[in-house]
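On the provided structure of chain A, position chain B as indicated by the hints.
Going down the list, the sequences are from chains A and B. Each residue of the first sequence is one higher than the one before, starting from 515 at the first, in the numbering used here. Each residue of the second sequence is one higher than the one before, starting from 5 at the first, in the numbering used here.
In short, the hints are calculated from the structure, not lab data. Just so you know, these numbers come straight off a predicted model, no measurement behind them. Heads up, some of the hints might be wrong.
[What the hints assert, rightly or not] Some chain A residues judged to face chain B by a derived CB distance under 7 Å, without partners named: (1) L589; (2) L592; (3) N593; (4) L596; (5) A599; (6) R600; (7) L610.
[To be verified] In silico SDA-like links for lysine to any residue, alpha-carbon gap of 20 Å or less: (8) A/K588 / B/S6; (9) A/K588 / B/A40; (10) A/K660 / A/Q555.
The C-beta atom is built at its ideal place from N, Cα and C for all residues, glycine as well.
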Amino acid sequence: MTSAAEQAALVGALERARRALEAAEATLEQARGAASRGETQLDVLGDAARGAPLRGREVRASLGLFYEALERAKLSALNAGLEAARLGDPAGKIVLELAGDLRELVSGALAALEAHSALLAEAERERERWLEGVSQARGTITTLAKFVNAGHQQRQELAAAFAAIEQGVAPVLGADPKTARLLLEVNEQSKALAQSVAALAREPGAPSAERVREALAPLLEALAEDDAR
Amino acid sequence: MSERAGLLVRAGGELGFVPATTARAIVRLPPISPVASTPLGMALVNGRVVPVVALGSPTNVLVLCELDDEPVGFSGLDVSEVGVFAASERGVVVGEHTVPELDLLGAWRSLEPVLEPQWGDPA
Chain A
515 MTSAAEQAAL VGALERARRA LEAAEATLEQ ARGAASRGET QLDVLGDAAR
565 GAPLRGREVR ASLGLFYEAL ERAKLSALNA GLEAARLGDP AGKIVLELAG
615 DLRELVSGAL AALEAHSALL AEAERERERW LEGVSQARGT ITTLAKFVNA
665 GHQQRQELAA AFAAIEQGVA PVLGADPKTA RLLLEVNEQS KALAQSVAAL
715 AREPGAPSAE RVREALAPLL EALAEDDAR
Chain B
5 MSERAGLLVR AGGELGFVPA TTARAIVRLP PISPVASTPL GMALVNGRVV
55 PVVALGSPTN VLVLCELDDE PVGFSGLDVS EVGVFAASER GVVVGEHTVP
105 ELDLLGAWRS LEPVLEPQWG DPA
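So here's chain A without its partners, still in its complex pose:
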């Protein structure tokens, strides 16, 4: 036979275990949602990054055209300078200076274009590293999702085991755990009521204490029997 205090402790433990189980389930659901959202976001990022090589090729093609045009301009400036040098003073000197200026400008533009190409190549290398990072993150999220699913399965097994425990303790508690908990609450509240009535009865000149006690007599007897059990 289990005392009321032991029953109360058992019911309390079962209640805490149920709440912990529900919290674990909610956390697992949140983790599953977060993993799913992360996977979707990585897919979007991956798609955007995969479109970049095409644009990179277009940029490289246009840079190639620039380079070609500047190389031709540089050759034209050199040939103009050569013709001007052959022509000699005074007209040739002016053309020679102009050709020299043009060659300097073109050389500057070519250097800037080469720097631009180097930056583009670096950006492409960074994109590759970034794609690799996205791929690794995706792998991590997939692993996480597997763990979450395994956790969900274990939670279901735990819930089944918990239901079996509740079924097993029902004979000990004299009812299913939920009803037992409600009965214990009624018991506790009845005791508190009885104590309040007793305190009221002890008050000098309390007019209706005896009548209240009489009205509660069956309940107090039932509680006394329950306590004895």
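Same frame as chain A, now just chain B:
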């Protein structure tokens, strides 16, 4: 002081002078076909087939010259300057340095024997 018009070119790290009377034009390096049994190449420049003499590692230009009234291309030259320079005995003076004139005609003529028909060789 007299002056000379022409190109300053770099060939294998050495700076040389090519007079404007010899250099006709600078063109992008066209595809060069080797000529069998000779150190020469041939290239199509402005619709004309010209012999090409390699003076160093290939660059991206061909210096087209006129030697013995014939166009001859020189590859392996990097044009670094064009203009009129102070003349010196062996070439031109640039800053404090004397830049010797490249003996392109000598180089071209030294190749002529290999272009002569080799009588007695199997056809």
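Results of checking the hints against the structure:
1. L589: holds, 6 Å
2. L592: Holds, about 5 Å.
3. N593: holds, 6 Å
4. L596: holds, 5 Å
5. A599: holds, 3 Å
6. R600: holds, 4 Å
7. L610: At about 6 Å, which falls below the 7 Å cut-off, the nearest Cβ of chain B leaves the hint on A/L610 intact, so it holds.
8. A/K588 / B/S6: The hint is violated at about 28 Å.
9. A/K588 / B/A40: violated, 34 Å
10. A/K660 / A/Q555: Distance ~18 Å between A/K660 and A/Q555 Cα, so the pair holds.
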